[in-house]
Structure formats: structure tokens, C-alpha cells
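Enquirer: One-letter residues, chain by chain:
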Amino acid sequence: MKNTKKESIKKINLTIDGIQVSVDEGTTILDAARHLNIHIPTLCYHEDLCVAGNCRVCIVEQEKVKSLPASCATPASEGMVIHTNSMKVRLARKHIVELLLSEHNADCTKCYKNGICEIQSLASQMLTGDHMFLDLVPDHKYTIDMFNTAIIKDDSRCIRCQRCVRTCEELQGVSALGVAYRGNHMKISTFYEHPLFEVVCTNCGQCVNRCPTGALIEKNYIDQVWDAIYDTTKHVVVQTAPAVRIALGEALGMPPGKIVTGKMVAALKRLGFSAVLDTDFTADLTIIEEGNELLTRLKKALLEKDPNVSLPMFTSCSPGWIKFIEHTFPEFLGNLSTCKSPQQMFGALVKTYYCEKSKLDAKNVVSVSIMPCTAKKFEANRPEMRSSGYKDVDYVLTTRELGIMIKQAGLDFEALPEEHFDSLMGASTGAAVIFGTTGGVMEAALRTVYEVVTGREIPFEGLNITAVRGTEGEVREASLTIEKTKPEWKFLEGVELKCVVANGLAHAKKVMQDVKDGKANYHFIEIMACPGGCLGGGGQPIPTNKDIRTKRKQAIYEEDLGMSIRKSHDNPEVQLIYKEFLGHPLGHKSHELLHTHYTPRKRY
Amino acid sequence: MSDTKLKRVDLIFGEYSNVKYKVLADTIKLPNDKILEDLLESGLRGRGGAGFPTAMKWKYTAQAPGDEKYVVCNADEGEPGTFKDREILTRVPRKVFSGMAICGKVIGAKKGFIYLRGEYKFLLPELLRELEGYHENAKSIGLDFSIEIRLGSGAYICGEESALFESMEGNRGEPRNKPPYPTTFGYLGKPTVINNVETFVNIMMIMRLGPIQFKMLGTTDSRGSKVFSVSGDTPIAGIYELELGMPLDRFVDEFGDGDTKAVQVGGASGFCVPRKKFKDTVIGFEGVPTGGSMMLFNSSRSMYNVLHNYLEFFEEESCGQCTPCRVGCQQLRKGIEAVKKGDKKSQYLEQLMKLSESMKLTAKCGLGQSVANSFSSIVYNFKEEMIY
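Going down the list, the sequences are from chains A and B.
Heads up: the first sequence begins at 6 in my numbering, then just goes up one per residue.
Heads up: the second sequence begins at 5 in my numbering, then just goes up one per residue.
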């Protein structure tokens with residue numbers, strides 16, 4: 006089978022810089038050159054996105070053709086002779102980069118992306134020292150949108166490559182960003198040029214991950230966090246999300262897929278945080294609360310035949326997804342789990358339970374979180390996230406911001422020893438770690454729910470429920486038949502629990518449309534706003550692409566396997582908090598601190 | 005001499021038959037191969053300005069796989085100085101519909117669209133009335149080809165074929181990457197023939213007269229006649245159907261005001277020919293091609309102002325998508341301003357000439373690629389006017 010398929014793909018022979026190469030039909034000149042390790046510079050091109058051919062940086066010379074085709078957008082054809090670095094190409098490319106620079110606010114030392122900016126590195130590569138053309142920046146009226154709590158959009162640094170537009174539309178199905186106006190006035194804008202916080206933007210930050218310049222960046226809170234650390238009257242608690250520990254290394258020069266949990270903890274301690282704790286703890290707590298919530302809803306639906314129960318139930322840990330559903334499918338808000346995200350559960354507990362146990366006054370405690378996410382910044386600033394009586398999470402930093410702090414402190418990250426999280430809200434399980442990847446919440450929930458209902462471990466080898474392990478760019482459906490239940494869960498006997506896992510909001514939209522059209526009959530739906538789940542989050546190190554995300558995913562499952570405890574309900578600190586503080590799942594205190602409500606929003 | 009005057013032709017606007025849609029009725033009885041053969045023989049090239057051989061365009065689309073194909077008539081006449089399509093659609097719309105219908109038959113399309121320039125909205129009521137008559141006639145001769153009119157919204161770029169498709173599909177009018185070309189991937193991603201209004205009328209001419217008689221007009225490279233929109237410093241501005249391949253000096257003799265210093269051939273995206281080159285310039289695909297626009301300038305005109313005006317036009321009308329066009333147009337306009345003001349030395353013009361060449365080589369679509377035409381021809385020929 007495989008062989009015949011291979012034969013059916015036509016081969017194309019072409020010559021690039023004097024080297025003959027044979028590629029599959031449909032391969033672009035750019036990809037063909039990459040086969041030969043010939044590097045053609047690109048700018049608007051991004052592996053995750055459809056080809057735009059906008060910037061024209063990747064032009065090449067094709068013999069017998071007058072114009073210089075863009076190699077990213079031109080398929081190889083038989084007998085093509087390509088030159089990637091001819092005199093014509095070099096001059097034209099230099100012109101293009103100079104043109105881009107002439108309308109780019111290049112005050113690099115003031116830019117957040119200084120050092121990791123793609124136009125900057127291209128400019129230094131091309132040696133564009135002498136400004137060939139007039140500076141167009143002073144003549145333009147640029148807008149800087151900094152009203153948002155999560156993302157800043159600075160048009161003066163925009164080079165109009167439209168990566169963000171493609172990301173927002175293709176990957177996320179949100180289309181908060183689009184192209185407005187023509188010609189010299191053309192810009193990337195929002196609906197009627199409203200600031201980001203007034204439009205359908207979910208703060209997912211996928212655009213930030215792909216912006217080649219400093220036009221789209223996270224709003225950083227680095228200085229505020231340093232101030233809190235230096236303030237001797239403050240006790241600064243930091244929590245770190247599961248997906249940070251497998252990606253932070255990238256921000257500090259290490260290859261993708263390295264697990265740096267211990268070094269990260271060591272670094273945080275050296276930065277001066279008073280306590281280094283783990284969001285994993287509340288991830289486990291989420292599973293207990295959310296699992297029980299699911300079982301309660303199933304009980305109402307199946308046993309009590311309550312027609313008003315909202316099924317399927319949707320996960321609620323991804324704040325990008327929450328804002329998306331609030332805008333796009335507000336009629337389904339009742340189906341969302343009322344559980345706060347692990348970050349917010351953690352924040353609420355820091356200023357209550359943690360303070361109580363550590364004999365601290367909550368007003369002197371600053372709660373910081375390190376997240377792979379930009380939407381978490383928005384989430385922490387929601388008015389409903391103050392159930393402790395204070396702002397539950399004071400500052401949210403992305404993985405990237407932590408990387409910057411570590412550099413600022415002059416730490417040699419790779420040389421740091423491996424250290425452990427502090428105790429009390431620092432214990433974690435494998436189930437919590439996999440929250441960082443698509444399908445992880447589902448898997449963790451099933452590990453617990455199945456055991457609660459049957460009294461037995463889930464019947465999969467090594468507790469690995471591979472059927473729900475989501476893949477990027479795919480909606481994954483799975484079902485699990487519950488057998489031999491405990492007596493109190495008898496109504497679930499023989500029930501086929503139908504689950505679906507989706508990542509990337511464009512896929513979430515599809516699932517939601519199916520649910521809306523009554524085409525799908527699920528019980529439990531896990532949705533993560535970002536491609537691949539949190540590991541591909543908008544706060545993760547730049548660059549990102551499928552290869553990098555695959556490596557991060559492998560690292561997460563590796564970390565899960567390496568944990569001595571793999572199920573949320575086995576987390577000793579979780580057991581302790583129920584005993585000492587919360588009472589029981591879905592109890593009064595849980596409702597007060599760990600659950601929330603949602604706000605319907607308009608499309609525009 | 006018998007040919008002191010340029011040969012006037014009346015094929016585009018003339019009536020072919022007293023019976024409405026007679027040529028169409030006759031033509032659809034012919035086999036497709038015969039129609040294509042006649043077209044090929046005629047040597048007809050697109051009248052929008054680029055001059056792609058029409059027969060080849062139709063043949064490729066006919067051969068492209070797919071059951072769903074479309075015919076699109078480009079009536080987005082936006083090139084400054086061109087107003088011939090308006091006249092054609094006003095006076096002989098039936099010929100346009102018939103040409104489209106024949107194309108539909110040849111390529112196997114059942115649906116045609118006229119993409120009408122937004123500013124030509126006033127033509128719409130009359131065109132819709134005429135279309136009713138067309139649809140009745142098509143029905144009576146058993147032709148399954150309907151035509152719909154879509155209005156543009158005033159963007160110059162939407163005259164570019166792939167941007168036009170995007171606009172028809174309800175998207176932002178931005179050119180697509182090519183390949184794939186419309187012949188395989190046009191409107192809605194289906195094989196599409198897109199031709200200029202005048203091209204469709206030429207089809208009718210060929211079907212009526214036969215390719216041999218059509219070929220008797222024009223030159224080897226530029227067969228047939230062409231409708232010209234003559235404007236500028238001329239006492240007789242208007243629309244004229246003339247033979248292709250005429251020398252420019254004779255055109256100026258006839259249309260100029262006696263003091264013509266330059267002719268802009270082909271609109272803002274075309275070439276500027278100075279007086280000293282009139283004699284050696286042929287209007288046609290072998291010389292300077294045009295979609296019909298002929299703008300005459302006499303010595304009272306500042307060529308700096310002319311160029312500045314064109315550049316402002318391009319700067320506004322670029323879709324803004326690709327770098328060379330979006331930023332290049334701004335740099336060229338500001339560049340000549342800087343030289344004029346003395347902020348930049350005159351040598352800066354050389355730099356700008358190179359830039360315009362790069363734009364020609366690297367822009368994504370015809371718009372950005374053709375800015376260099378007027379820029380380099382005006383700067384090269386009227387350099388002193390740029391500086392002083």
C-alpha cells in the first residue's frame with residue numbers, strides 16, 4: 006500500500022545554486038532549498054501558517070523568468086534553475102529589507118524583543134548600516150494599544166507580515182485581528198479599530214508567539230515582581246504551571262524538550278521568592294472538584310432525570326477558551342465547569358489556607374504565577390477573581406518573562422542544581438503535570454473518576470490513556486465504558502462515557518458548532534485554546550513550531566511517567582487540604598474559593 | 005497620400021446584424037474546437053493591457069479538470085485615463101454578453117459574472133434590463149449560460165484578476181500568489197476565464213468576420229483594432245477605435261494640440277514617451293502596449309507634477325500587502341519630493357530608479373510591478389524637471 010502511494014507522487018527535478026535536487030511535486034522552492042541546507046531568509050513565512058508571500062524577502066532568481074519569484078509561494082517545477090544569492094537577488098532583497106526598516110520604528114534598545122527580533126537579525130545579516138531610504142516612521146500616525154492587561158499592540162513596530170492575522174484566523178478561528186485600509190495606510194487592526202480589550206480577542210497570545218518584531222508583545226510585570234521581592238514587608242509566593250518546566254530551558258538557550266523543573270525551582274529561590282510552590286497542586290485539586298462536578302451532573306441527568314442539567318460539561322482551565330466561549334457561544338456558559346483554573350484556585354488558597362497555615366497576614370502576601378500563557382494575565386484581573394478578599398493572583402508572568410528575570414539576575418541556569426518545591430501546596434502528581442498538554446485534563450480526570458466510581462484503577466497499561474491524548478490539529482474523540490461500579494454509582498453501570506478533546510480555538514469552534522447543531526452527543530469536553538495545549542501557549546518561548554511543540558509534549562509525558570504518584574486523588578497535600586480546610590469536594594468552602602461564574606459577552 | 009489620417013475602424017461599436025443575438029446563435033452551433041481554432045488563428049490578445057493570447061487562456065481553462073467553471077468579465081476599468089469599457093457597456097452590452105456566452109460554451113461554464121466598477125453603478129439599471137433580454141434569448145436558443153453583475157467598491161487593485169476574485173468572494177481585495185493561475189484556480193478556486201470587456205467584444209468580431217479578416221487589421225504581434233481613450237492636452241478628447249500597431253508620431257499629429265511634449269501610453273501603470281521618441285514608438289504589443297489610455301501632455305505641463313500625481317495614486321491604491329509596493333511607492337513619492345526640495349542630492353534619483361527596478365522584479369502583482377514603468381520612463385526622460 007505504502008509503496009504504491011509513494012510511486013504516485015510525481016518527482017520534480019530542479020537545480021538550486023548549481024546543485025540538482027529531486028523533490029515531490031508541490032514542494033516549494035523554499036523547502037527544496039532547505040533540503041539542500043541552503044538558507045533563504047524569510048520573514049512572513051511561518052511553518053504553522055498558510056503561505057502569504059507578502060514580505061518578498063525570500064525572493065530568488067529563476068533563469069528565463071523576468072521577475073524574482075517568492076520562494077515560499079512558488080512550487081518547484083521541472084527543469085527550474087534557481088539562484089538564491091545572485092547579484093539581482095541580493096540587491097532586491099537588500100532593498101526589501103531597507104524598505105521594511107524604513108517604516109519600522111527601529112529603536113531597538115527600547116524594544117521588548119531586542120535580541121530576538123527577526124527583522125533586527127535580518128538587518129544585521131544584510132549589513133544594512135547605511136540607511137538607503139527615507140525614514141517614514143515620523144510621518145505615520147501609529148497607535149499603541151496598551152489598555153489590555155495581557156497583550157500590547159504597537160503598530161509602530163509592525164512590519165505588516167500578517168502572521169498575526171493568519172494565526173488569529175486559521176489557528177484560532179477568532180479573527181480579532183485583520184487588515185484595515187489600503188496602501189500607505191494599510192495596517193493590522195481590530196473591529197472598528199477598538200482596543201484589544203473591547204473586541205473578541207481571547208488574549209491567547211498565539212499572535213505574540215508568531216510576531217517577528219515587537220509589534221505584539223505580552224504586557225510584562227517584571228518590574229512589579231522585582232519590587233515585591235525587594236519589599237521586605239512582603240512575603241512573595243510563586244506558583245509555576247506544568248507547561249513552564251518543559252519549556253523554560255528554551256528561553257535560556259537550551260534545546261526544546263528539556264525538563265528543567267529542579268533548575269527552575271532553584272532559580273526562583275535565588276531570585277528571592279519567599280516560597281516556590283506548584284500549580285500542579287491545584288491542578289490535582291481541580292481534578293477532584295471537576296471530577297466530582299461531572300459525576301454530580303451525570304447523576305442528575307441519568308438517575309434523577311433532571312432535564313435542566315447542562316451536559317456535556319466543558320473544562321474551564323484555559324482562560325483563552327473561557328473568553329472565546331463567552332463571546333462566541335454564550336448560550337453554553339452553563340455547560341462550563343464552574344471550577345476556576347488551577348492558577349486561580351491556587352491564588353485563592355494562597356491568601357486563605359496558606360496564610361492561615363503559615364501564620365501570615367494576607368495583606369502582606371504577594372501572589373505571583375509563572376504561566377505559559379498570556380490569557381492568564383487577563384484572567385487574574387477578572388473582577389470575580391478576588392474570592393480571598395484580595396486579588397487572588399497579583400502578577401502573572403509568562404515563561405518568557407521568567408527567562409528574562411533569570412538573565413537579569415545573572416544566573417547561569419544550566420549550572421544550577423536541581424531543587425525541590427517548598428511544601429504545603431507544592432506537591433504534585435503525574436496527573437497534574439499532563440495538564441500542560443492537550444488531552445491531559447481529560448486523562449487526569451478519567452484516572453480519578455474511574456477509580457472513584459469503580460474503586461479500581463483505570464484499566465490501561467501504566468495508567469496511560471493514550472486514546473485521549475490529543476494531537477495538534479485534530480479533534481480527538483474517545484469513549485470509556487464503565488463497568489462493575491461501586492453500589493453508590495450503580496446508575497453509571499454500563500454507561501459509555503463519551504469524551505472529546507480539542508486544542509486550538511479553530512478546532513474548539515468546530516466542536517462547539519457540532520454541539521450546537523445537536524450533532525454530537527458527548528458527556529465531557531476538554532478544550533485548550535492553544536495548539537497542542539498549554540505547552541504551545543502564548544507565553545511560551547519564541548520561536549514555536551510543530552517540531553518544538555512535539556518535543557515539549559514528549560517531555561511532559563516523560564515527566565508524568567517519572568512521578569511516583571500518578572493520580573490526583575493520591576496527592577497527599579490534596580488529601581490534607583480536604584481534611585484540614587476544605588472539608589469535602591464541592592463543599593461550602595470549595596464553592597466560595599474554588600468555583601466561579603462566567604460573563605456572556607458580545608461578538609462586537 | 006491616402007493614409008494621412010489614421011485608419012478609423014467601426015467594428016466594436018458597429019451593428020453586425022439587425023437580429024439581436026444572431027452572431028451568438030450562429031456561433032454556438034459551431035464545435036468548440038472550431039471556435040478555439042479561429043481564435044488562435046486570429047491572434048487575439050487580451051485587451052486589458054497585458055496582452056495574453058486569448059485562445060490559450062480559454063484552451064487552458066477548457067482543459068483544466070473540474071465540472072464547475074466560470075467566465076468573468078473584468079469591467080473594473082480603473083486605470084487612470086481609461087474610459088472605453090464604460091462606452092462599450094453603454095453602447096454594445098449585447099456583444100459583451102454574447103462574447104461571455106461563447107466563452108462559457110467553449111470552456112464548459114454555465115455561469116458568468118461582470119465585475120462592474122463601483123463608480124459605474126449608474127450603468128447598472130440599463131445593463132440589468134439588457135441582461136433580461138439576453139437571458140430570454142439564451143433560453144430561446146437553448147443556451148445554458150447565465151450572467152450576473154457584481155459591483156466593485158472603488159479599489160483600483162480589484163482590477164487585478166486575483167484580487168477581483170477575492171473581492172467577488174467577499175474577501176478583502178488582495179492579489180493571490182501565482183501560480184496557480186485563474187485558468188485552474190480562479191473564482192471560488194474553480195477554473196475561470198477572466199477577460200477584459202473589450203476582449204469579449206473582439207470575440208464577437210472574430211466570430212462575425214472570421215479570423216482572416218480580423219488579422220488584416222493591425223500588425224503581426226498586435227492583431228485587430230483597439231478602442232483608445234484619448235485625454236489630456238488634445239482638442240479632440242474622446243474614444244476612438246483605431247488599428248493597432250500605429251506609430252506614435254502619427255497619433256500625435258492627429259490628436260495633439262501641436263505642442264505635445266509627451267504621451268503617457270497605458271495610463272499611470274504605462275510608459276511615458278517623450279517627443280523625441282514619438283517617431284520610433286509603435287503602439288502595440290511589439291512596442292508600447294496599452295489597455296487603451298493615451299494621455300497627451302503639452303509643454304505647459306510639469307512632468308514632475310504628472311509623476312507625483314501618479315505616485316500618490318499608487319501609494320493610495322496599493323493593497324498594502326507586499327513590501328515592495330506598499331513601502332516602495334511611498335519611498336518613490338517622498339524621494340522625488342526630497343530631491344525637488346533639495347533635501348536629497350540629484351543622485352538620489354539613481355537610487356530610486358534602482359528601487360523601482362526592484363519593485364518591478366519583486367512585487368506580488370501587476371500593480372507594484374508596473375509602478376516602475378511610469379516612474380523610470382518619466383524620470384529618465386525628464387530628469388531636469390525632477391531636479392529643478
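These are calculated hints, taken from the structure and not from any lab test.
Values in this document were obtained by computation on a predicted structure and should not be read as measured data.
Hints are not guaranteed to be accurate.
[Claimed, not checked] What follows is a set of in silico ranges between Cβ atoms, one per label pair, in the way DEER data are often shown:
hint : chain 1 : residue 1 : chain 2 : residue 2 : range
1    : A       : A367      : B       : E320      : 52 to 62 Å
2    : A       : Q25       : B       : E45       : 52 to 62 Å
3    : B       : L34       : A       : E336      : 40 to 50 Å
4    : A       : H136      : B       : E388      : 52 to 62 Å
5    : B       : E136      : A       : H190      : 55 to 65 Å
6    : B       : F126      : A       : T476      : 33 to 43 Å
7    : A       : Q559      : B       : S150      : 54 to 64 Å
8    : A       : I14       : B       : D37       : 28 to 38 Å
9    : A       : T20       : B       : G262      : 31 to 41 Å
10   : A       : P548      : B       : E136      : 57 to 67 Å
11   : A       : P548      : B       : H139      : 29 to 39 Å
12   : B       : D225      : A       : H136      : 55 to 65 Å
[Said to hold, decoys possible] Not everything, but these chain B residues come out facing chain A in the computed CB check (under 8 Å):
hint : residue
13   : Y64
14   : G346
15   : S350
16   : Q355
[Stated by the list, open to error] Only some residues are given here: those of chain B computed to face chain A with a beta carbon under 7 Å:
hint : residue
17   : N175
18   : R176
19   : N181
20   : E320
21   : S362
22   : T366
Where is the CB? At the ideal position from N, CA and C, for every residue including glycine.
Enquirer: Now, for every hint given, state plainly whether the structure supports it.
Expert: Evaluated hints:
1. A367/A - E320/B: 52 to 62 Å: Because 59 Å falls inside the window, the suggested range holds.
2. Q25/A - E45/B: 52 to 62 Å: 41 Å, violated
3. L34/B - E336/A: 40 to 50 Å: Because 59 Å falls outside the window, the suggested range is violated.
4. H136/A - E388/B: 52 to 62 Å: Once the Cβ atoms are compared, 27 Å apart, the range 52 to 62 Å for E388/B and H136/A is violated.
5. E136/B - H190/A: 55 to 65 Å: 41 Å, violated
6. F126/B - T476/A: 33 to 43 Å: 56 Å, violated
7. Q559/A - S150/B: 54 to 64 Å: Given a distance of about 57 Å, which is inside 54 to 64 Å, the answer is holds.
8. I14/A - D37/B: 28 to 38 Å: 34 Å, holds
9. T20/A - G262/B: 31 to 41 Å: 57 Å, violated
10. P548/A - E136/B: 57 to 67 Å: 58 Å, holds
11. P548/A - H139/B: 29 to 39 Å: 56 Å, violated
12. D225/B - H136/A: 55 to 65 Å: Cβ of D225/B to Cβ of H136/A: about 44 Å, so the range 55 to 65 Å is violated.
13. Y64: 15 Å, violated
14. G346: Given a least distance of 14 Å, the restraint on G346/B is violated.
15. S350: 15 Å, violated
16. Q355: 7 Å, holds
17. N175: Since the shortest Cβ distance to chain A is 10 Å, the answer is violated.
18. R176: 6 Å, holds
19. N181: Hint on N181/B: holds, closest Cβ of chain A at ~4 Å, below 7 Å.
20. E320: Holds - the Cβ of E320/B comes within 7 Å of chain A, reaching about 5 Å at its closest.
21. S362: 4 Å, holds
22. T366: 5 Å, holds
The structure does not agree with the numbered hints 2, 3, 4, 5, 6, 9, 11, 12, 13, 14, 15, 17 stated previously, though it agrees with the rest.
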